[in-house]
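Colleague: The sequence shown: position 161 = 161 (the working numbering), numbered continuously.
Simulated from the structure, these hints should not be mistaken for laboratory data. A quick note: this is a predicted structure, and the numbers were derived from the prediction, not measured. All C-beta atoms, glycine included, are put in the ideal place defined by N, C-alpha and C. Don't take each hint at face value.
Label pairs and their calculated CB-CB ranges [unchecked claim]: (1) L224 / N133: 45 to 55 Å; (2) D172 / Y603: 18 to 28 Å; (3) F252 / I145: 29 to 39 Å; (4) Q686 / N253: 52 to 62 Å; (5) I22 / F252: 42 to 52 Å; (6) K624 / K54: 50 to 60 Å; (7) T259 / K388: 41 to 51 Å; (8) Y38 / I145: 50 to 60 Å; (9) K93 / Y455: 49 to 59 Å; (10) K457 / K543: 15 to 25 Å; (11) Q686 / N176: 30 to 40 Å; (12) I248 / C386: 42 to 52 Å; (13) D55 / K388: 25 to 35 Å.
Below, simulated DSSO-like cross-link-like pairs (lysine-lysine); rule was C-alpha separation at most 30 Å, straight line [stated by the list, open to error]: (14) K457 / K476; (15) K584 / K515; (16) K118 / K93; (17) K167 / K383; (18) K93 / K37; (19) K641 / K112; (20) K118 / K37; (21) K58 / K15; (22) K412 / K383; (23) K54 / K66; (24) K476 / K70; (25) K641 / K550; (26) K476 / K673; (27) K564 / K112; (28) K118 / K66; (29) K15 / K54; (30) K383 / K543; (31) K383 / K515; (32) K58 / K154; (33) K675 / K427; (34) K66 / K76; (35) K457 / K388; (36) K430 / K457; (37) K550 / K513; (38) K70 / K112; (39) K117 / K30; (40) K250 / K206.
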Amino acid sequence: MNRLKHILRSRYIFKIIFLLSIIYVIVVTKCITYQSKYNISDNTFIVKVLEIEKDEDKIIMLVKGKELLKATYYYKNNKEYNDISLGDIIEIKGELEEPSSNTVSNTFNYKKYLYNKKIYFTLDINSIKKIENNTDLIYYIKSIISNRINNITKSSPYLQTFILGDKSYMDDNINNTYRDNGISHLFSISGMHISLISGILFYLIKRISYNNYYNYGVVITFLLIYTFILGMIASVLRTIVMYILFAINKLFNLKIKNTDLMLFVLVICIIINPFIIYDIGFQYSYIISFTLIILRDKIKKINNYVLKSLYISYITFIVSFPITIYNFYQVNIISIPLNVIVIPLVSIIIFPLSMITFISPFLDNLLYILIKFLEFISINIDKIECTKIIFSKPTILVIILYYILIYISFYKRKYLIFLIILLLFHKCYKYIYSSMNITFLDVGQGDSILISFPYNKGNILIDTGGIYSSSYSITKNETIPYLKSLGITHLDYLIITHGDYDHMGESINLVNKFKVNKVIFNIGNYNDLELELINTLKEKNIKYYQNIKKISIDSNILYFLNTKEYNDENDNSSVIYLNYNNIKFLFMGDSGINRESDILKKYSLNNIDILKVGHHGSNTSSSKYFIDKINPKYSIISVGKNNWYGHPNAEVLDNLDNSKIYRTDMDGSIILKVKSDKLEIKAFTQKKVVRNELLQ
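All chains should be built: construct the whole structure from the sequences, respecting the hints.
Modeller: Here it is as structure tokens:
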């Protein structure tokens, strides 16, 4: 035993094991490609139900047969399949689909997210048949807990979160405010929650037995069962492994350094699940816990409670900062003082009261009042925009540099200056970026084009896209994350080419959630959608204009090729011409053949370098006469995959045959970069530059 203690106290052994585990992660997650055990043609599956989420119109289940599947069934009536429970064995029939990848850079990749959870297919269910009721004790217990929570009507979303670690019941808008305010970590089951649960349990057991081996054994057994009930949530797994290792270290007096134990925690979690390293919740949980442990002595020296709380909040903010800007491109500095207020409110009052309410539901109203108070704080704090700071997405090298300087600065304050210099350089990088970028965002069947001039001298968005009869928000999930990832804090102009939904359907969402200085409309009478946007602009004091001739950004001019007012909304589209470094761009909106003819009569256009093809490649636009006259070198078609209009039309593709064609349905978002007279074209789906040449 003494020899084992001596070996374990050698700090090198933990560092070697840690390095080996990192190599193991790289090999397992990056060098090996995992394939599904199912074939895409399979349509009948015998599976076990692991998770259930019931919505108003559908039921979403995580099921396991040969492997995990994410399965969705849309109700034909709202009483269907209410008897399906966790652990049940069911037969489901349906169609397998490959999860969709992101087609806009720096946005959420659902396919990668599921892949990291070892889910390779989603399943669209046609029918469900129960074969066998649950016989698994773990799922039986989880079902009892979940059903009891659901019967506690008002506070049930938070009880699901605090007790079962399931955030899906919480309101997305409220969740977004928690994330933006830097307090979302309080709603993930982690060290704070497990410490309280284990502390109470240990206190109760200690009143029965003074044998610490027995006491810790009971607590650890309970925590392991709890971990399986929760489904091995990453942050919980980290916390449980940490609790067990620290308990063993104390019981057997191994005297292993806490930092070495934390390295070993990471090693064990990686061995259990190598992909855990890519879980953002685990990243936050581990890095914050690790840092608080290595700075424990410094924290203990602070006697003032408020100052100690502020220091802990500062530590939490600064070490989570690189993870936050890498994934969300924004931090909120108000989170430092806010955490001082909210952490005690949640950890001392709301979370313990949630546990008590689960046992005694009559406290539901009291808990609900406190929850509403917490939401009130978060919603109103989130309205303060001046404390939110946007950073462009950093490289991995920059992230490593951040952490080196952060940890050095904890011990040598003079190095804070280098950390501040790095922060300022990162924040101001866009002011030294010397190329002009144009991004044709893949927004499905619609248009949205971002023009970013060099040195951050101007940012223009032409159209916003919009999906008919869908709750999916392009603005929330694609446009704003992409803008922030580039370090863009505002749009100088939002140009609405015309009033069709697929061009401006997201405009109100955009101006409500992102700073827009000015909005430009096309010629013609405003339709209902445009009038609705105008009311929002008036409320927010945003200036708007109609049927203008040009706009200037520094020395760059965008010309609006106006002809006359038409009876057709598409023909009234704003057509925009830009000559940048002798590279000529033409953006056609949804203009039709009549408008094309009038443009050629009024303006001298030839040898266009980049054409944004009109009306998504419809045969109502891009006549052979027009295309032959302007002679585009590259043609960009913004079009939805498998759209029911049949765009782009075969005749239009023939007309464009002399140009190189890029399509958002095939190529994803398309990024054009112009530096001097050099053009670089990158198609997102190819993940590389596909054109790089000088234009004469």
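Colleague: Determine for every hint whether it applies to the structure shown.
Modeller: Verification of the supplied hints:
Distance hint for L224 and N133: a CB-CB separation of about 25 Å, inconsistent with the stated range 45 to 55 Å. At roughly 47 Å, the beta-carbon separation of D172 and Y603 lies outside the given 18 to 28 Å, and the hint is violated. Taking the beta carbon of each, F252 and I145 are about 34 Å apart, inside 29 to 39 Å as hinted. Here the CB-CB span from Q686 to N253 is close to 59 Å, well matched to the stated 52 to 62 Å.
Between I22 and F252 the Cβ separation comes to about 28 Å, which falls outside the hinted range of 42 to 52 Å. As the Cβ distance of K624 to K54 is approximately 55 Å, the hint placing it in 50 to 60 Å holds. For T259 paired with K388, a C-beta distance near 34 Å fails the hint of 41 to 51 Å. Between Y38 and I145 the CB atoms are about 31 Å apart, so this pair departs from the stated range of 50 to 60 Å.
Between K93 and Y455 the Cβ separation comes to about 58 Å, which falls inside the hinted range of 49 to 59 Å. A hinted range of 15 to 25 Å for the beta carbons of K457 and K543 is consistent with their spacing of about 19 Å. Taken as a hint, the range 30 to 40 Å holds for the pair Q686 and N176, whose Cβ atoms sit roughly 32 Å apart. In this structure the hint that I248 and C386 lie 42 to 52 Å apart at CB holds, the actual value being about 49 Å.
A hinted range of 25 to 35 Å holds for the C-beta pair D55 and K388, which are about 31 Å apart. Distance restraint check for K457 and K476: the Cα-Cα separation of roughly 25 Å lies within the 30 Å cut-off, and the hinted pair is therefore satisfied. As the CA atoms of K584 and K515 are separated by approximately 29 Å, the hinted pair is consistent with the 30 Å bound. The suggested pairing of K118 with K93 holds, with an alpha-carbon distance near 21 Å, which does not exceed 30 Å.
Straight-line distance between C-alpha atoms of K167 and K383 comes to about 23 Å, which keeps the hinted pair within the 30 Å bound. In summary, the hint linking K93 to K37 is supported, as the alpha carbons are separated by about 17 Å, within the 30 Å threshold. Distance hint between K641 and K112 is fulfilled; the C-alpha atoms sit about 20 Å from each other, no more than 30 Å. Of the supplied pair hints, the one linking K118 and K37 holds, its CA atoms being roughly 11 Å apart against a limit of 30 Å.
Among the hinted pairs, K58 with K15 is inconsistent with the structure: their alpha-carbon atoms are about 48 Å apart, more than 30 Å. Between K412 and K383, the direct Cα distance comes to roughly 36 Å. Violation of the 30 Å bound is thereby established for this hinted pair. Between the alpha carbons of K54 and K66 the distance comes to roughly 24 Å, so the proposed pair stays at or under 30 Å and holds. This hinted pair checks out: K476 and K70 have alpha carbons roughly 23 Å apart, not beyond 30 Å.
At most 30 Å may separate the alpha-carbon atoms for a hinted pair to count; K641 and K550 exceed this at roughly 33 Å. For a cut-off of 30 Å, the pair hint linking K476 to K673 stands: about 25 Å separates their Cα positions. Between K564 and K112 the alpha-carbon distance is near 49 Å, which puts this suggested pair outside the 30 Å criterion. Our distance criterion of 30 Å between C-alpha atoms is met by K118 and K66, whose separation comes to about 12 Å.
Taking the CA atoms of K15 and K54, the gap is near 46 Å; set against the 30 Å cutoff, the hint is violated. In summary, the hint linking K383 to K543 is supported, as the alpha carbons are separated by about 21 Å, within the 30 Å threshold. A hinted pair counts as satisfied when its Cα atoms are at most 30 Å apart, and K383 with K515 qualifies at roughly 13 Å. Annotation: proposed proximity of K58 to K154 holds, straight-line Cα distance about 22 Å (limit 30 Å).
At most 30 Å may separate the alpha-carbon atoms for a hinted pair to count; K675 and K427 meet this at roughly 22 Å. Of the pairs offered as hints, the one joining K66 and K76 holds, with about 28 Å between alpha carbons and a cut-off of 30 Å not exceeded. Between K457 and K388, the direct Cα distance comes to roughly 21 Å. Compliance with the 30 Å bound is thereby established for this hinted pair. As the CA atoms of K430 and K457 are separated by approximately 9 Å, the hinted pair is consistent with the 30 Å bound.
Annotation: proposed proximity of K550 to K513 holds, straight-line Cα distance about 27 Å (limit 30 Å). A distance of roughly 14 Å separates the Cα atoms of K70 and K112; the hinted pair therefore holds under the 30 Å criterion. Distance hint between K117 and K30 is fulfilled; the C-alpha atoms sit about 14 Å from each other, no more than 30 Å. For the hint pairing K250 with K206, the CA-to-CA distance comes to about 16 Å; that is within 30 Å, so the pair holds.
In summary, the numbered hints that this structure violates are 1, 2, 5, 7, 8, 21, 22, 25, 27, 29.
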